[in-house]
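K.L.:
Given the coordinates of chain L, work out where chain P should sit on it, guided by the hints.
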Amino acid sequence: MLYREAGDFKTSYRDDSQTFPIRFDRFAYYVLLAVAFLVVPFVINDYWVNAVLMPFLIYAIAALGLNVLTGYAGQVSLGTGGFMAVGAYACYKLMTAFPDVNIFFHVIIAGGITALVGLLFGLPSLRIKGFYLAVATLAAQFFLVWLFNRVPWFYNNSASGQISAPERSVFGIKVTGPETEAWATYLFCLIFVVASAWIVRNLTRGSTGRRWMAIRDMDIAAEIIGVNPLGAKLSAFAVSSFFVGIAGALFFSVYLGAVEVGEAFGIQKSFLVLFMIIIGGLGSIFGSFAGAAFMVLMPVLLKNSLVGGLGWPTDLAAHLEFMIVGGLILFFLIVEPHGLAALWKVAKEKLRLWPFPH
Amino acid sequence: MNDMSPDSYVTPDGRTIGGVVMEMKNITLRFGGVVAIKDISFDIREGEIRAIIGPNGAGKSSMLNVISGFYVPQEGEVWFRGSRRPQMKPFEVAAQGIARTFQNIALFDGMSVLDNIMTGRLTMMKTGLFAQSFWFGRAEKEESYHREQVEKIIDFLEIQNIRKTPVGRLPYGLKKRVELARALAAEPKLLLLDEPMAGMNVEEKEDMSRFILDVNDEFGTTIALIEHDMGVVMDLSDRVVVMDYGKKIGDGTPDEVRNNQDVIDAYLGVSHD
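Line by line, the protein sequences give chains L and P. If you count the first sequence from 1, position 50 lands on 50 in this note's numbering, and the numbers rise without skipping. If you count the second sequence from 1, position 163 lands on 163 in this note's numbering, and the numbers rise without skipping.
In isolation and in its complexed conformation, chain L is listed as follows:
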């Protein structure tokens, strides 16, 4: 009786539209949350947090954000790195200008500022689609990175041109700066991840999500049945940029601590997050997490097994790692173009009937 919905009847529309309709799923989800909040913080060390968990959590937020725009609303964006930079620099400016305000609010406001910038760069989407829109967002990427490099106000005129996060704490526990504890930064990010996923789920299961998906699937029909394309596209850009901005703020303040914009938020970052949602699954919240996990964990796993396990030289392993990750991406896209989320869905459908064939 591993995975059954027999006897699990829904008597209200509320029950029928819940996130995890199957009882076993719901249970597994609560267990996962409990482990993430109550067990993991006590057993992790610096290595796990810095190499695996933190990048996974932060990229998961960025992937959720981009998935709103590309996966749900169908607008391709290559500006993710630039929008993460907006979040990071907004957070930096807020942290230095208002040192007394809690970092928690700084991160959220940084998301809000990024949403406004995203709205601005989303305007071309009203006239152009597909590849052409991708090129327009590419312009946003390069413009924003250039802006943060060239205007000293953004990095408070520091000599190095870098920004570095001052020490800030939540409830007396340090979450940014050089002397943070692994578990504190982990929990801080985890809270944002859970909240983001919950909000994205709420938006995508209701009327907003349907507006986005209608525009994605057939924009002309959507307009004729009553979707305002302006509102739908711009709200997707705003919501998407909000989460990407939060990811950028966390990436800078909590994870890296010090950032040089071209290095941390270059075009590679845009592609990385785009790959995450393509491999994970477009238009799927689970896919955002699966993609982030794949792109973060796979290199770490390969490195550990090649260098640590087989004792290969580091440089050889590093080159091989590129090739293997690239090959795996191709493999997954050929086997399952709809991403890991689709594989997971097929597995679940099979599991519901297992061991009976029909």
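These aren't lab readings, by the way, just hints derived from the structure by calculation. Ideal placement from N, C-alpha and C gives every residue a C-beta, glycine not left out. The reader is advised that the hints may include incorrect statements.
[Said to hold, decoys possible] In silico SDA-like links for lysine to any residue, alpha-carbon gap of 20 Å or less: (1) 126(P) / 74(P); (2) 126(P) / 348(L); (3) 345(L) / 170(P); (4) 93(L) / 146(L); (5) 10(L) / 140(P); (6) 174(L) / 43(L); (7) 152(P) / 210(P); (8) 175(P) / 218(L); (9) 345(L) / 110(P); (10) 348(L) / 112(P); (11) 152(P) / 140(P); (12) 141(P) / 205(L); (13) 174(L) / 23(L); (14) 89(P) / 220(L); (15) 25(P) / 251(P); (16) 152(P) / 220(P); (17) 350(L) / 141(P); (18) 175(P) / 146(L); (19) 89(P) / 128(L); (20) 345(L) / 335(L); (21) 152(P) / 219(P); (22) 164(P) / 17(L); (23) 164(P) / 11(L); (24) 10(L) / 89(P); (25) 10(L) / 147(P); (26) 10(L) / 21(L); (27) 247(P) / 74(P); (28) 164(P) / 21(L); (29) 164(P) / 351(L); (30) 93(L) / 76(L); (31) 93(L) / 151(L); (32) 303(L) / 328(L); (33) 345(L) / 163(P); (34) 175(P) / 220(L); (35) 126(P) / 205(L); (36) 152(P) / 12(L); (37) 25(P) / 71(P).
[To be verified] With the Cβ distance kept under 8 Å, some of the chain L side facing chain P (calculated, not the full set): (38) 202; (39) 203; (40) 206.
P.N.:
Quick look at chain P alone, frame taken from chain L:
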């Protein structure tokens, strides 16, 4: 339905046809040098089934697109429910209560049947982005209310068993039915059907005809439809507009139209000797 307006009448089968809901006055639509619709006027009365017929390329679909606001005619006026309609975007027209189906099915393939039908109610769903982010409360109440309305339509069109199926997996006939459901979900005052029976077999046509009559009968919905199957058109409709090469060549009850010499010529051809 309106109070009995002075020009309302009762059809032989006992339905009451009210006053004029929509009136097209001297509509002309051009695409560059091509004149798709040439100076056409006709009206649609409340509660009736109004057919628009004509040979291929006569401008029927263009007419429907003018009504739903997708094309803007160069000349002429559109009157809806007693007032002249200013130039509007299609989604504003939809919010006024005009819903439609498409000649080539235009469903949202990535979504389930239920979600597709729920999109029909988007013009009525007003909860803001912020309230929706937190779901519990307003957003959930709104969702449940609209779900209930949609379930009535699902029952009505007998598609309960496929409500969670992705639309892309459905056969053609069912897709057409889902599209009708989506249009009905908007509770339209005027329903436009663009070839609802194209490509269907006899059984599916019978089903669809039954649904169209039921919609008209039970909800009192005014319907304007384009159809090529003459048998269907003559059976279903109260009045028929006949178009040919962008011009109106006939307008009246099915019997009147059937005996109109211009219509016969347009359909059968005229000898030129």
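K.L.:
Hint by hint, which ones does the structure fall short of?
P.N.:
Hints 1, 2, 13, 17, 18, 24, 30 contradicted; others consistent.
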